[in-house]
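Enquirer: Modelling step: build the complete structure from the supplied sequences, incorporating the hints.
Chains as they are written, first to last, in this note's numbering: chain G, 264 to 769; chain B, 264 to 769; chain U, 264 to 769; chain S, 264 to 769.
Quick caveat, the hints were computed from the structure, so don't treat them as lab data. Bear in mind the structure is a predicted one, so any value in this text is a computation, not a measurement. Even glycine gets a Cβ: it sits at the ideal position worked out from N, Cα and C. Hints are not guaranteed to be accurate.
Keeping only pairs whose Cα atoms sit at most 30 Å apart, straight-line, the calculated DSSO-like set for lysine-lysine is [said to hold, decoys possible]:
#, chain 1, residue 1, chain 2, residue 2
1, S, K508, U, K646
2, U, K523, S, K634
3, G, K479, B, K646
4, U, K646, B, K338
5, G, K698, S, K344
6, G, K344, S, K669
7, U, K454, B, K396
8, G, K527, G, K454
9, U, K666, S, K479
10, B, K634, G, K612
Listed next, with one range per pair, are the computed distances between beta-carbon atoms [to be verified]:
#, chain 1, residue 1, chain 2, residue 2, range
11, G, P706, S, D489, 56 to 66 Å
12, G, Q437, B, A644, 53 to 63 Å
13, S, S408, G, S408, 20 to 30 Å
With the Cβ distance kept under 8 Å, some of the chain B side facing chain U (calculated, not the full set) [unchecked claim]:
#, residue
14, L376
15, K396
16, S406
Number of protein chains: 4
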Amino acid sequence: MEFEESGIGEECGVFGCVAAGEWPTQLEVAQILTLGLVALQHRGQESAGIVTSTGTNPPTYTTLKGMGLVNTAFKAEDLLKLRNGNLGIGHTRYSTTGISELQNCQPFVVDTLHGKIAVAHNGELVNASALRKKVMRHGVGLSTSSDSELITQLLALTPPMEELDTPDWVARIQNLMTETPTSYSLLVMYKDVIYAVRDPYGNRPLSIGRLVPISKLHSSGAGEADTEGWVVSSESCSFQSIGAKYYREVQPGEIVQISKNGVKSLIVVPRPEGDPPAFCIFEYVYFARPDSIFEGQMVYTVRHRCGRQLAIEAPTDADVVSTVPESATPAALGYAQQSGLPYVEVLCKNRYVGRTFIQPNTRLRQLGVAKKFGALTDNFAGKRVVLIDDSIVRGNTISPIIKLLKEAGATEVHIRVASPPIRFPCYMGINIPTKEELIANKPEFEDIAGYIGATSVRYLSVEGLVSAVQGGIESHGKDERISTKTTRFGHCTACLTGKYPVELEW
Amino acid sequence: MEFEESGIGEECGVFGCVAAGEWPTQLEVAQILTLGLVALQHRGQESAGIVTSTGTNPPTYTTLKGMGLVNTAFKAEDLLKLRNGNLGIGHTRYSTTGISELQNCQPFVVDTLHGKIAVAHNGELVNASALRKKVMRHGVGLSTSSDSELITQLLALTPPMEELDTPDWVARIQNLMTETPTSYSLLVMYKDVIYAVRDPYGNRPLSIGRLVPISKLHSSGAGEADTEGWVVSSESCSFQSIGAKYYREVQPGEIVQISKNGVKSLIVVPRPEGDPPAFCIFEYVYFARPDSIFEGQMVYTVRHRCGRQLAIEAPTDADVVSTVPESATPAALGYAQQSGLPYVEVLCKNRYVGRTFIQPNTRLRQLGVAKKFGALTDNFAGKRVVLIDDSIVRGNTISPIIKLLKEAGATEVHIRVASPPIRFPCYMGINIPTKEELIANKPEFEDIAGYIGATSVRYLSVEGLVSAVQGGIESHGKDERISTKTTRFGHCTACLTGKYPVELEW
Amino acid sequence: MEFEESGIGEECGVFGCVAAGEWPTQLEVAQILTLGLVALQHRGQESAGIVTSTGTNPPTYTTLKGMGLVNTAFKAEDLLKLRNGNLGIGHTRYSTTGISELQNCQPFVVDTLHGKIAVAHNGELVNASALRKKVMRHGVGLSTSSDSELITQLLALTPPMEELDTPDWVARIQNLMTETPTSYSLLVMYKDVIYAVRDPYGNRPLSIGRLVPISKLHSSGAGEADTEGWVVSSESCSFQSIGAKYYREVQPGEIVQISKNGVKSLIVVPRPEGDPPAFCIFEYVYFARPDSIFEGQMVYTVRHRCGRQLAIEAPTDADVVSTVPESATPAALGYAQQSGLPYVEVLCKNRYVGRTFIQPNTRLRQLGVAKKFGALTDNFAGKRVVLIDDSIVRGNTISPIIKLLKEAGATEVHIRVASPPIRFPCYMGINIPTKEELIANKPEFEDIAGYIGATSVRYLSVEGLVSAVQGGIESHGKDERISTKTTRFGHCTACLTGKYPVELEW
Amino acid sequence: MEFEESGIGEECGVFGCVAAGEWPTQLEVAQILTLGLVALQHRGQESAGIVTSTGTNPPTYTTLKGMGLVNTAFKAEDLLKLRNGNLGIGHTRYSTTGISELQNCQPFVVDTLHGKIAVAHNGELVNASALRKKVMRHGVGLSTSSDSELITQLLALTPPMEELDTPDWVARIQNLMTETPTSYSLLVMYKDVIYAVRDPYGNRPLSIGRLVPISKLHSSGAGEADTEGWVVSSESCSFQSIGAKYYREVQPGEIVQISKNGVKSLIVVPRPEGDPPAFCIFEYVYFARPDSIFEGQMVYTVRHRCGRQLAIEAPTDADVVSTVPESATPAALGYAQQSGLPYVEVLCKNRYVGRTFIQPNTRLRQLGVAKKFGALTDNFAGKRVVLIDDSIVRGNTISPIIKLLKEAGATEVHIRVASPPIRFPCYMGINIPTKEELIANKPEFEDIAGYIGATSVRYLSVEGLVSAVQGGIESHGKDERISTKTTRFGHCTACLTGKYPVELEW
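Expert: Now the structure itself:
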């Protein structure tokens with residue numbers, strides 16, 4: 264099921280680009296940023312922003328922000344104003360509320376005694392509330408509720424600017440990292456440098472790519488000398504669309520300096536001893552685009568393994584396997600492969616359905632999700648269907664689909680969910696429905712199959728998910744301890760288990 | 264490959280709705296029309312229009328038109344103005360050119376001596392040019408280039424209005440049908456009636472549905488007494504999304520009268536003796552939504568059979584079968600089933616890529632279609648891939664995809680096209696590139712595999728396509744005559760064979 | 264008082280331009296048309312349209328239409344598409360109602376057996392209803408309610424196209440003029456010619472100008488050889504803003520042919536014997552821009568004379584004379600001059616007040632027109648004010664202004680209206696409130712001063728208005744007969760006297 | 264001449280409103296703010312903003328900002344979100360440059376340890392640069408270039424927040440006033456209070472009004488008990504349009520507290536001993552709306568006196584006096600009265616001329632300002648014209664008007680300017696062209712009449728302007744010292760004399 268309907272939302276995507284060589288380069292940095300953000304659009308559709316710097320001394324910064332999708336938010340004539348940028352960072356933001364939302368749009372730029380810095384941020388500072396108080400106690404007013412402004416003011420604050428001839432931003436970033444352990448993947452732009460930062464727990468993703476001539480994009484012969492610039496992105500899926508090759512991930516706790524001279528690792532801030540990394544496991548399950556690579560593995564492949572593992576844990580006596588298009592398809596194909604059942608399509612999505620002007624209290628309201636899907640009856644009429652979904656969060660969108668399939672002739676509809684039930688809130692940047700809204704916390708969960716009208720419902724186990732993410736497909740006994748696994752493999756499963764990577768301040 | 268890139272375009276979709284019972288009914292006709300058009304959006308995205316009638320005597324007509332997708336073209340507050348409509352017709356239009364395109368937007372409404380009629384039309388009058396002259400010779404000025412205006416004026420013209428007490432629209436429609444044999448699926452609204460008309464060759468589709476209470480939509484118990492109204496649509500895929508059950512197709516040459524009292528077949532205008540019907544075979548191959556039903560069969564199923572037939576005709580020694588998402592997927596699954604090769608996904612589509620502000624002459628231009636697809640490398644690296652496409656029209660969009668797959672590690676890329684090469688223009692409502700642009704007519708077609716960079720290329724045969732559409736899967740010898748088949752089964756294959764259903768006037 | 268508040272509205276403005284010399288000329292015809300329409304914007308703000316012709320054989324016509332003010336309706340990039348136009352006509356339209364108003368937007372273009380013609384029209388056909396029936400009886404459907412479409416179809420209709428080798432548009436226009444006596448100022452474009460037509464009664468204005476090099480615009484030395492082209496416009500006020508010199512008026516009943524070769528009078532269709540011309544006297548009183556010239560006299564000067572005549576007819580014992588800005592100022596200055604009272608400004612207009620989001624039922628609603636004017640208290644506190652208005656139509660806008668002045672310290676407020684009371688509807692193109700809404704037809708008119716809160720109210724007499732328009736300032740005895748005057752001088756005063764220039768068909 | 268063409272611009276207008284009585288009141292505060300800003304629209308058209316507070320404890324602040332005119336910037340549905348506001352401040356801003364201008368839009372709101380404050384500001388801090396450095400040295404990043412943000416951070420900064428139980432904003436405002444002497448008229452909103460502040464020199468205007476029932480607006484009987492709330496505005500012209508009575512001006516250096524309980528003067532911060540106040544004299548000459556009241560006198564009346572003084576200083580042997588509409592009209596009427604020459608109108612303004620799509624290098628470019636004005640020839644042909652303008656700043660807009668008048672028949676055109684030549688930059692909030700652009704600093708000024716094509720040119724003297732502002736009309740000998748006058752009367756004439764009210768820091 265689409266997460267847009269489930270109510271689960273990613274906070275943001277960040278993207279940066281530095282042209283190699285002297286100013287002005289011929290590299291179309293503003294356009295690369297725009298296309299990079301388009302490729303990260305699935306991580307946030309509310310607003311988009313770009314800041315470019317000429318990289319000169321002094322630099323000129325140019326900012327472009329707008330509401331909505333990237334292609335809506337920016338106008339062609341405005342992009343032209345950024346064309347002198349030799350480097351820049353961009354941001355695409357998930358929905359917020361309030362009237363003047365443009366104010367919360369990132370990147371956030373502030374002028375300091377040593378010039379302007381720009382910050383783009385994906386994640387959520389677990390101790391944001393305490394940090395806001397600290398900043399305000401110092402006499403600073405905060406004009407937005409965004410963590411980016413907070414981070415920017417924290418960077419400007421300590422140590423006091425006057426004591427320094429140069430700002431030493433790296434020390435300031437390091438200082439920030441000791442004040443707040445997670446979660447943030449951060450791009451900080453200052454003059455001609457972008458600092459790419461990932462929190463010590465590595466909760467949010469951040470990858471580096473290398474721009475090469477398009478003609479050499481896929482050839483193995485693009486050497487160092489061919490480098491046209493560097494990009495850094497929440498997900499590697501954006502690299503191909505702007506002509507970059509995957510280079511490496513920023514490591515948990517690492518500060519990487521990216522400039523026209525190349526990529527340089529400056530420092531790796533350690534976690535408290537014994538703490539494992541805590542990369543968000545839902546990046547694999549849902550958020551990331553299937554062609555992105557984390558920890559050396561393609562997200563699609565992990566989802567396919569989730570499907571296979573689900574087939575092992577929850578086999579079904581049925582005739583066909585199918586998917587709720589489009590995000591559950593890899594898992595469905597995995598389930599089909601492992602189970603040996605044929606994979607068929609049962610639903611056809613109308614991609615033009617959007618906001619439609621349906622007045623309340625009409626018969627059309629009752630149609631609900633059915634407006635969005637057509638039933639491919641021939642493929643399942645008279646058959647027992649295993650329907651794979653990637654997540655059931657609130658339980659109110661799968662129900663009409665089951666009804667549709669049954670009424671169109673499916674004799675049985677078995678729901679198999681390729682992730683465990685979400686039970687706990689996230690404080691690291693994911694927007695999850697309240698505990699009360701989560702189906703897994705409702706009394707109805709006792710008989711969820713009855714509640715949603717399915718013949719049967721089974722979820723993937725936490726252990727199974729972790730195995731699939733690890734690369735293994737295995738059978739899990741009930742006595743195995745998940746905690747040792749998360750320690751070993753370093754993924755945050757807090758929303759599934761309630762075990763948070765750091766102690767939460769309330 | 265998406266036809267939007269191939270340059271092939273459907274002309275239009277039409278949709279009508281009549282509420283049962285007396286005026287004003289509680290049925291939200293304007294909203295049903297809107298949702299119906301949204302479900303036909305794949306048939307035309309340039310503009311949309313709706314005309315409703317109160318169905319009273321005299322009736323009040325209200326018109327709403329706009330450029331772009333249905334959800335963009337209409338505003339909620341404007342829809343409210345149509346709320347008294349007891350019946351109405353709507354239209355969604357494929358791209359045209361020119362400055363004031365809104366003028367060409369349908370439905371077309373004219374005031375006559377006997378009151379207003381509204382016309383919506385899908386198709387193209389083969390003898391439009393002669394008919395325009397006839398109308399103009401009579402002293403009528405035509406304000407647009409649309410066939411709808413032409414049809415409307417023809418209906419008003421003969422016999423002269425003054426000679427009649429009542430207009431007898433049915434006789435006028437019948438008269439029109441003798442003047443122009445094809446192609447048109449037509450909705451003509453007058454006062455409280457919609458006439459649903461399909462040309463004698465049945466070139467364009469038209470289906471009727473019955474509105475029932477949503478709660479009874481899928482149950483078998485919705486009897487006559489439950490009828491809330493009637494809808495008529497280019498494709499049956501729109502029925503589910505507005506709460507209607509499939510009723511039947513309008514037959515070639517038939518005039519069906521739809522009113523609050525029900526559906527009534529008035530007449531069937533015959534074809535010249537010996538002429539078979541000529542339903543456009545490309546509705547099956549490409550235009551229609553997979554969940555639509557024509558001639559009693561689901562489009563998805565026909566496409567799946569095309570894939571199976573293709574596997575018989577053009578088997579491949581390969582490791583995996585895949586699709587160019589999304590339209591070729593049914594054929595790919597059919598090919599996989601028939602061939603026994605595993606089906607995998609190799610491309611991940613970025614659904615947010617749209618108009619992006621790329622300036623000419625930049626390195627980004629070279630990326631081309633690659634911006635739109637991500638490679639799911641794990642699924643095919645080191646493997647021989649059979650890639651199914653539904654059509655290769657101009658040959659310039661499949662090429663970069665093959666390049667992408669090869670560079671990402673595919674050892675071989677065999678292209679299998681689930682339809683025959685297009686070689687001839689269409690004069691019945693499909694917008695096909697010029698003969699010179701069609702790859703099948705270029706010298707490069709001799710070595711098309713080399714031209715597009717594929718390991719091999721094979722098209723489905725015309726005989727194979729016709730078999731698949733018939734419902735059979737068979738092996739075709741070279742001596743079989745396609746002509747007998749099209750005669751028997753009544754499909755127009757003119758764009759593939761050059762044999763047009765009627766003699767063309769030049 | 265602004266007519267926009269009084270509810271009186273002009274129907275339209277028309278404008279045409281032909282470049283001298285061969286195609287393509289360097290003259291920017293589309294831009295001249297745009298600027299010309301901007302200068303006629305006071306005649307209609309609802310929509311605007313332009314059609315240009317290349318003037319070649321065959322010609323290419325390009326149409327541009329949009330809702331709202333000219334500067335809003337047209338986009339710069341669209342204007343570029345008209346840049347090849349060697350000639351063209353344009354139209355600016357007063358408000359209509361209904362959903363798809365763009366359809367009614369002029370010019371109207373239709374394709375005929377002999378090619379396309381375009382028509383722009385100011386006025387209203389008195390026998391439109393009968394003419395519509397005639398056209399429809401012939402079997403023609405009319406797609407709009409506009410007179411322009413009607414005129415266009417009438418031109419195409421008779422004599423039948425087939426009987427002619429060439430269309431002979433002049434004969435057709437002449438034929439039209441015999442079928443409908445008034446009111447129309449018409450521009451008909453065909454290929455490389457514009458026919459400028461004024462109805463036999465000359466009810467609506469139409470003037471011709473000559474384009475000269477800007478550098479010679481005001482010099483007397485711009486001879487024939489300097490002619491760059493010709494323009495034709497509802498009002499001469501538009502000439503200066505596009506670099507044209509006033510040439511002459513089109514005469515009542517005249518058809519003038521304007522082409523690249525110059526201006527040629529073709530024919531003058533006579534009125535029924537004894538009928539005087541009937542130029543709309545309200546063009547002088549209100550509609551026209553003060554710098555326009557009709558019948559050899561400047562509109563400003565006529566209004567000034569109206570003020571002087573009003574001072575003679577309705578002298579006042581007061582301290583200062585003032586105006587309701589801005590349209591009544593010439594009359595106020597005339598009144599001041601004639602009466603010897605000092606002219607002062609008492610109201611300051613806030614030009615930014617427009618649609619403001621005031622919710623119903625709030626205290627702000629009660630402010631009414633006061634939001635629009637500030638009181639210049641120093642100029643009238645403690646004084647007796649004569650306030651000149653150009654018209655009092657419904658009586659509900661002058662009232663709050665009087666209240667404002669009194670409360671701000673005026674001891675007396677005498678209203679003097681520089682035109683007679685409107686009592687009758689107009690059927691020649693002016694949108695006048697219903698008879699019931701006109702203050703002059705209400706019982707309250709008996710004590711209008713009491714009704715609107717003024718110390719006294721006096722209107723200019725019909726005789727006085729006619730004198731002022733004639734050029735004379737005189738005292739009128741009660742026994743003088745207005746009918747003889749309108750006969751002699753040829754102005755339509757139907758809305759004041761109920762005497763219409765032609766017999767009305769009901 | 265319109266200042267919009269002269270290049271002189273006001274920085275801003277501020278407006279605040281507090282409803283009397285308890286929350287929620289029935290007063291439509293958001294709408295009053297909107298209308299108040301519309302009435303101040305002449306002070307800034309680039310962007311508009313409103314912040315309302317519920318006035319509860321804790322309060323809820325709601326912000327609304329947009330680009331363009333007030334009626335464009337705000338949408339009706341957004342205003343509804345502010346409907347719970349019991350008090351609020353608003354701002355309308357003059358043009359700035361740059362891409363993301365919305366960021367600079369005021370009011371500026373920041374969250375502090377003691378809650379949110381909102382600041383709206385008209386003026387320019389003379390020592391802004393030093394103050395920015397001070398703030399940044401403290402470790403604060405500034406996200407905009409606006410003085411409002413700077414003021415807001417300065418208020419938050421000193422004394423440090425942590426040392427206080429309550430913020431004591433008044434002490435903080437007082438502290439700010441000692442740090443920066445001018446220029447600012449400031450509205451600071453905190454919870455349920457608005458602090459209205461005027462700098463010690465009183466450089467920018469600020470007036471207080473009292474909201475009363477509309478029915479009692481103009482009666483003298485609206486007593487204390489009728490008070491519905493309080494408003495504070497850059498100009499009193501906004502009071503009438505929202506139903507408020509003029510109360511008094513905020514005095515130079517005064518902090519006035521406005522709450523639901525009424526208006527209270529808290530403190531008056533003194534100027535350095537011997538320094539006179541320095542109210543901007545150009546508020547009288549140009550910026551303010553004529554119906555506003557400063558220092559007890561109506562702006563219109565001052566302009567009228569300027570015209571009379573000009574007639575004394577620069578009498579002309581001519582036939583008629585006229586104005587460049589609309590802003591110079593009061594001075595022209597004053598000149599006419601004093602000189603005894605008749606006042607006539609010579610130019611008619613086309614109010615629809617706006618941005619029009621004129622391509623470069625066309626003949627139409629040469630038309631220049633003539634597009635905007637029509638010549639009322641009858642009023643001046645064959646006559647010697649005295650044309651009053653309020654200011655000639657760059658000298659390039661009056662020139663084509665003189666040309667137009669001469670070519671239309673004026674025998675002489677004498678330019679009389681109702682203010683002295685501008686020679687020096689302003690550092691107190693007025694946007695003046697660079698010294699090099701000012702005609703008074705160019706060599707051409709030597710023979711300005713020749714340069715602009717006038718028969719003669721005379722400016723009002725500085726002494727004469729000061730006299731007119733004082734209320735006197737007199738003859739000035741050359742030996743009189745302007746410095747004593749400005750001391751006595753307290754107006755800033757720096758742009759005319761180069762004598763700034765405070766020492767400038769460079």
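Enquirer: Each hint: holds or not?
Expert: Status of each hint after checking the structure:
no. : hint                          : result
1   : K508(S) x K646(U)             : holds (22 Å)
2   : K523(U) x K634(S)             : holds (25 Å)
3   : K479(G) x K646(B)             : holds (22 Å)
4   : K646(U) x K338(B)             : violated (54 Å)
5   : K698(G) x K344(S)             : holds (29 Å)
6   : K344(G) x K669(S)             : violated (44 Å)
7   : K454(U) x K396(B)             : holds (19 Å)
8   : K527(G) x K454(G)             : holds (17 Å)
9   : K666(U) x K479(S)             : holds (12 Å)
10  : K634(B) x K612(G)             : holds (23 Å)
11  : P706(G) x D489(S): 56 to 66 Å : holds (59 Å)
12  : Q437(G) x A644(B): 53 to 63 Å : violated (40 Å)
13  : S408(S) x S408(G): 20 to 30 Å : holds (23 Å)
14  : L376                          : holds (4 Å)
15  : K396                          : holds (7 Å)
16  : S406                          : holds (5 Å)
Consistency note: the structure conflicts with the earlier hints numbered 4, 6, 12.
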